[in-house]
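Chains as they are written, first to last, in this note's numbering: chain R, 913 to 1025; chain F, 71 to 182.
Rather than coming from a laboratory, the hints here were simulated on the basis of the structure.
A virtual CB, placed ideally from N, CA and C, is assigned to each residue, including glycine.
Be careful, since some hints might not be right.
Claimed, not checked - In the BS3-like style, the derived pairs of lysine-lysine whose C-alpha atoms are separated by at most 25 Å in a straight line are: (1) F/Lys174 - F/Lys73; (2) F/Lys73 - R/Lys969; (3) F/Lys73 - F/Lys177; (4) F/Lys181 - F/Lys73; (5) F/Lys177 - F/Lys139; (6) R/Lys969 - F/Lys181.
Said to hold, decoys possible - Derived, one-sided and incomplete: chain F residues facing chain R with beta-carbon distance under 7 Å: (7) Cys82; (8) Tyr104; (9) Gly113; (10) Pro114; (11) His119; (12) Phe163; (13) Asn169; (14) Ile171; (15) Phe172.
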Amino acid sequence: AAGVIQSPRHLIKEKRETATLKCYPIPRHDTVYWYQQGPGQDPQFLISFYEKMQSDKGSIPDRFSAQQFSDYHSELNMSSLELGDSALYFCASSFGLNAGELFFGEGSRLTVL
Amino acid sequence: DAKTTQPPSMDCAEGRAANLPCNHSTISGNEYVYWYRQIHSQGPQYIIHGLKNNETNEMASLIITEDRKSSTLILPHATLRDTAVYYCIVSSFRGSQGNLIFGKGTKLSVKP
């Protein structure tokens, strides 16, 4: 069965650079969530989208932005990268009516040098 | 403030049942109990969820106390591949609104 696809799987950037992560939800899923997991930390909720509109916001820094496109894929844009942004970034998707059962991707590992 | 309290770690012998407790004494009437697990650096995986009745699926059973202040996830026959961090999460989803807030979780080690 198709799963949540995240790209790139690994990304290395310098401080103050910009990075973009992409997430392709499971077909027919209309809700996308972004999570950040630092080394040794638990996943932290960043932001979510339902039907291309922001539906909930967590601890997402102002330097980050995200959107969901007409084909339901989502992108997380991160600017002025800091060392502390080094983390695993997970995207998850769900079908709105069955919210709560989130399907997570394998994550994108961002390393900021 | 954390909505759930779980033991930081537990051990279980392979083939035995793993019983993972969770306290959620401040749970609201419209909040569900969700269980997810994360195998080292992989994306979290949904296991099961419930509101007030006990639930069972192919992965696990969820036992929720009558007052809903605590629950237990049961893996009936633990295998080495069940070694993971298990997260108990309480959340209310109204349609598409809501999210999951991960707490500290229980690191379950299944040993041969």
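Outcome of the hint check:
no. : hint                : in the structure
1   : F/Lys174 - F/Lys73  : holds (11 Å)
2   : F/Lys73 - R/Lys969  : holds (18 Å)
3   : F/Lys73 - F/Lys177  : holds (18 Å)
4   : F/Lys181 - F/Lys73  : violated (30 Å)
5   : F/Lys177 - F/Lys139 : holds (21 Å)
6   : R/Lys969 - F/Lys181 : violated (39 Å)
7   : Cys82               : violated (21 Å)
8   : Tyr104              : holds (6 Å)
9   : Gly113              : holds (3 Å)
10  : Pro114              : holds (5 Å)
11  : His119              : holds (6 Å)
12  : Phe163              : holds (4 Å)
13  : Asn169              : holds (5 Å)
14  : Ile171              : holds (6 Å)
15  : Phe172              : holds (5 Å)
The earlier numbered hints that this structure contradicts are 4, 6, 7.
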